[in-house]
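Novice: With the numbering used here applied, the sequence shown covers 4 to 128.
Derived from the structure by calculation, the hints contain no laboratory data.
All values reported here derive from a predicted model rather than from experimental measurement.
Hints may contain errors.
For lysine-lysine, the following DSSO-like pairs were computed, each having C-alpha atoms within a straight-line distance of at most 27 Å [stated by the list, open to error]: (1) K40 <-> K59; (2) K116 <-> K31; (3) K31 <-> K59; (4) K59 <-> K47; (5) K47 <-> K31; (6) K116 <-> K59; (7) K116 <-> K47; (8) K56 <-> K31; (9) K40 <-> K56; (10) K40 <-> K116.
If you anchor each label on the Cβ, the simulated ranges turn out as follows [said to hold, decoys possible]: (11) K116 <-> T35: 31 to 39 Å; (12) K31 <-> V112: 12 to 20 Å; (13) G54 <-> S13: 29 to 37 Å; (14) D118 <-> E77: 31 to 39 Å; (15) P74 <-> K116: 32 to 40 Å; (16) R25 <-> K59: 13 to 21 Å; (17) Q12 <-> L88: 29 to 37 Å; (18) E77 <-> P53: 15 to 23 Å; (19) T51 <-> A28: 30 to 38 Å; (20) R108 <-> G75: 19 to 27 Å.
We put the CB at the ideal spot given by N, CA and C, even for glycine.
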Amino acid sequence: MTAIVCVSQSWGIGRDGALLFRISADHKRFRTLTVGKTVILGHKTLDTFPGGKPLKDRRNIVLSHRDLDVPGAEIAHSFDAAAALGGDDAIVIGGASVYMALLSRCDRVYVTKVDADPDADSFFP
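Just need the whole structure built from these sequences, with the hints factored in.
Specialist: The following block contains the structure:
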């Protein structure tokens with residue numbers, strides 16, 4: 004598996020359920036790396052997407068303990084289930100608890116580290 008993340012100087016990734024940074028070049032790289040691939044994300048990360056809808060042109064595996072009905076996404080109820088569904092080529096895209104659980108299974112991590120340190124309440128492990 005692979006992970007992709009954008010972090011602050013102190014490895015922060017979010018605050019109050021939102022990303023810390025919106026950087027056009029980083030978004031373009033994210034699209035380039037993920038379009039046509041399988042992405043694994045938590046349900047809180049899904050909630051941050053426009054309309055709370057899965058990413059287009061990708062296979063979305065959403066982690067949740069709840070039984071969700073998300074058109075365009077598959078629901079996994081455990082980290083092991085998500086990893087099994089996604090396979091070795093899946094890309095982990097957050098949030099913090101998903102990174103924490105699946106990072107040890109990743110053999111590559113794409114990190115954009117921004118030279119800024121805004122207040123964060125979620126961090127990349």
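Novice: For every hint, state whether the structure bears it out.
Specialist: How the hints compare with the structure:
| no. | hint | verdict |
| --- | --- | --- |
| 1 | K40 <-> K59 | 10 Å, holds |
| 2 | K116 <-> K31 | 15 Å, holds |
| 3 | K31 <-> K59 | 14 Å, holds |
| 4 | K59 <-> K47 | 17 Å, holds |
| 5 | K47 <-> K31 | 22 Å, holds |
| 6 | K116 <-> K59 | 25 Å, holds |
| 7 | K116 <-> K47 | 22 Å, holds |
| 8 | K56 <-> K31 | 19 Å, holds |
| 9 | K40 <-> K56 | 17 Å, holds |
| 10 | K40 <-> K116 | 23 Å, holds |
| 11 | K116 <-> T35: 31 to 39 Å | 18 Å, violated |
| 12 | K31 <-> V112: 12 to 20 Å | 18 Å, holds |
| 13 | G54 <-> S13: 29 to 37 Å | 31 Å, holds |
| 14 | D118 <-> E77: 31 to 39 Å | 37 Å, holds |
| 15 | P74 <-> K116: 32 to 40 Å | 35 Å, holds |
| 16 | R25 <-> K59: 13 to 21 Å | 18 Å, holds |
| 17 | Q12 <-> L88: 29 to 37 Å | 34 Å, holds |
| 18 | E77 <-> P53: 15 to 23 Å | 20 Å, holds |
| 19 | T51 <-> A28: 30 to 38 Å | 20 Å, violated |
| 20 | R108 <-> G75: 19 to 27 Å | 24 Å, holds |
The structure is inconsistent with the numbered hints 11 and 19, although it conforms to all the rest.
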